[in-house]
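Visitor: Whole structure, please, built from the sequences with the hints as guidance.
Chain order of the listed sequences is A and B. Residues in the first sequence are numbered consecutively from 0, following numbering that gives the first Met the number 0. Residues in the second sequence are numbered consecutively from 0, following numbering that gives the first Met the number 0.
Rather than coming from a laboratory, the hints here were simulated on the basis of the structure. Everything numeric in this text was worked out from a predicted model, so none of it was measured. Heads up, the beta-carbon is just placed ideally off N, CA and C, and yes, glycines get one too. Some hints here could point you the wrong way.
[What the hints assert, rightly or not] Cβ-to-Cβ under 7 Å is the rule here; a few derived chain B residues that face chain A:
(1) G43
(2) T199
(3) D205
(4) I208
(5) T211
(6) G241
(7) S243
(8) P259
[What the hints assert, rightly or not] To spell it out: a stretch of chain A is covered by chain B in this simulated footprint if at least three of its residues, at any positions, have a beta carbon under 8 Å from a beta carbon of chain B; those stretches are:
(9) 6-14
(10) 123-133
(11) 144-154
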Amino acid sequence: MQDLTQLLLNGLSTGAVYALFALGYTLVFSVLGVINFAHGAVFTLGAYFTYFLIGGAAGANGLLAGLQLPFALPFWLALPLAGLGAAAVALLIERTAFAPLRQRNADPLLALITSLGAGVVLVNLIQLLVGAESYAIPTGALAGLPAAVRIGGAQVRSVQLLLLLVAAVLLTLLTLWIDGTRSGKGLRAVSEDPTTARLLGIPSDRMIQIAFGLSGFLAGIAGGLVGLSVSIAGPYFGIGYGLKGLGVLVLGGLGSVPGAVLGGLIIGLAEACVPADLSGYRDVVAYGFLFVVLLVRPQGLLGRVLPSKV
Amino acid sequence: MQPQRLALAALALLAAGGVVSSCSRQRGDQLRLGAGIALTGNAGLLGQDARTGLDLAQGHYADRAPGLELQLEDTGSDEAGATVAFRRLINAKPVAILGPSLSQQGFAVMPMADRAGIPVIGVSTTAEGIPQIGPFVARVASPVTVVAPLSLAKAVQLHPGIQRVAVFFAQDDAFCTSETQIFQRAIRAKGLELVAVQRTSVSDTDFHIPITNVLRSRPQLVVISALVSDGGNLVRQLRELGYSGPIVAGNGLNTPNIYPVCQRHCDGLMITQAYNPKLDNASNRTLLAGFRRGRAADAVPPQVTAQAFTAYQVVHEALATLKGSLPQGTTLTSLPLPELRQRLLKTLLAGTYQTPLGQLRFTPEGDVLQRDFSVARVQMNPDGRSGRFVQLP
Chain A
0 MQDLTQLLLN
10 GLSTGAVYAL
20 FALGYTLVFS
30 VLGVINFAHG
40 AVFTLGAYFT
50 YFLIGGAAGA
60 NGLLAGLQLP
70 FALPFWLALP
80 LAGLGAAAVA
90 LLIERTAFAP
100 LRQRNADPLL
110 ALITSLGAGV
120 VLVNLIQLLV
130 GAESYAIPTG
140 ALAGLPAAVR
150 IGGAQVRSVQ
160 LLLLLVAAVL
170 LTLLTLWIDG
180 TRSGKGLRAV
190 SEDPTTARLL
200 GIPSDRMIQI
210 AFGLSGFLAG
220 IAGGLVGLSV
230 SIAGPYFGIG
240 YGLKGLGVLV
250 LGGLGSVPGA
260 VLGGLIIGLA
270 EACVPADLSG
280 YRDVVAYGFL
290 FVVLLVRPQG
300 LLGRVLPSKV
Chain B
0 MQPQRLALAA
10 LALLAAGGVV
20 SSCSRQRGDQ
30 LRLGAGIALT
40 GNAGLLGQDA
50 RTGLDLAQGH
60 YADRAPGLEL
70 QLEDTGSDEA
80 GATVAFRRLI
90 NAKPVAILGP
100 SLSQQGFAVM
110 PMADRAGIPV
120 IGVSTTAEGI
130 PQIGPFVARV
140 ASPVTVVAPL
150 SLAKAVQLHP
160 GIQRVAVFFA
170 QDDAFCTSET
180 QIFQRAIRAK
190 GLELVAVQRT
200 SVSDTDFHIP
210 ITNVLRSRPQ
220 LVVISALVSD
230 GGNLVRQLRE
240 LGYSGPIVAG
250 NGLNTPNIYP
260 VCQRHCDGLM
270 ITQAYNPKLD
280 NASNRTLLAG
290 FRRGRAADAV
300 PPQVTAQAFT
310 AYQVVHEALA
320 TLKGSLPQGT
330 TLTSLPLPEL
340 RQRLLKTLLA
350 GTYQTPLGQL
360 RFTPEGDVLQ
370 RDFSVARVQM
380 NPDGRSGRFV
390 QLP
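Guide: Okay, structure coming up:
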């Protein structure tokens, strides 16, 4: 029983990060039909923003060596602000890497490449400014919380529980917004058919910007939380999560919000089930599972088969 | 002129500049020394330590003959990046190359330098099999076979009740897999029980699954072979999940760059040191003085910084010895480059050097023979962000 609880907690907390990450991909994919490859870089930026907002100083190897903001915010305030900062960067990416191509009706594949380019530029910019060194959000940022707690005999770090909680809250809010508000429904309409949505008076461009902003916000929050949990291992640390997020996106079904959540949790649990002596092969299990699911159900678990238009 | 033509002209100029730069002859009596180290990626921290050592050595030897022009290339932290960097270095016609940072990269690129007949001196490549890559391959980093068992022996000496040992290692890094084999052999040789062996990846950041697996086996000692970022995170998460016993770490964590990663949880980590900052010789005094310029008066260079300084020093001293052995009127640059490289290698392997790592010699195969080692324990300051390696008696 204790082992099962441990396995579930391990799987859910890992899966929550993947789900949060994949949701960002999903939001953009649902309105544009392309994957935003700069999402990993925005996630990374969210972590750096959080670090600097809580009073962290830049290391010795970048142009901003030694730089420190004149104030230090508590973590609970720094995190949403970092999310907003990441949202602003995501909007900038939309304006520079996606909008110009969209206005010229360019092939969606080109937007994929420009987003990849934007991501590479961002990561290198981070390295130029603050160096390649690791940054760690101080372990005392969650003042008052113990390092780990015991639940049903299983040991789990407090930061993982926080991650799970924040992910659950954000996912719930997002679902409520999409299903219960006018702008959320507008987003769904644009994701169904942008042309028809425009004819119905829904501002498609605005909806796309909202999708990017939300996606950036989620990435920023996820980056800040993961940064707190495992430190920021340099400008490239979003890449691994980005790849896993892509896997989750495809497993859940491209463009499906519940699919992203389900995919994240399944991959997280699949990784947690890997036996101890094979733990280095967790990714093989996760991607192998993805491979098998796609062979049986190419549209993903909750994805739809789109009718081909003649 | 049309803007497009202007842009083309500018591109052509830039390209021409690049060609001229890469084909430029070595100036006067100066020889080019290549260095390929990881300045970016997950081994970037290790590379930056090495860069500091190279910069200090370059500054120290700048006005001493023979003149060396250092060409530094970033290898990134993977084999592909190292291959590109080494190809550029080989094309630049250096007298020797220092690096790369990782053994994993070394197995990929040292054969390239060896085939080109260029002496390549490993700075921090400690895996088994590196000097055996080829006759032009040598290293100043002591092999893991010598270094790894020392910290384990010290941990057992300090905690005599230890019986149950768990091992973590990054399975996708040649050095870590090599090092863990040595650790595991040493654990068995001491009659200890290996209760868990967990494979991780150098790109992993979240270790709660392997850690909770390991903690179920109630280890009394944990031995880690990993690199800075992944290893530092592993240490931190081990402590946060309740492991309070001793931790022995391998050479991949042997740098102050772990402090910001595992923070206060780095405290107590035991690591074998190939560099002892208290060593009293001229070379170490030079290194310490240079390193402390602009830093705290008691700042201590990381081991890799000392190793990079040493690599530069042995090449410089070997070249100086070779120069002294040439007939009157013959300069190093007047020798055909292939001959110069061969003679440099021969001289380098035959020499004895007083370096920041202590007295060094080389085996005919190119492996370093070092006498002085110690085991240090990481002692973190109360701020949890800075600390020091304290040598254990």
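Visitor: Compare the structure with the hints numbered earlier in the document and write down the numbers of the violated ones, lowest to highest.
Guide: Result: hint 7 breaks, nothing else.
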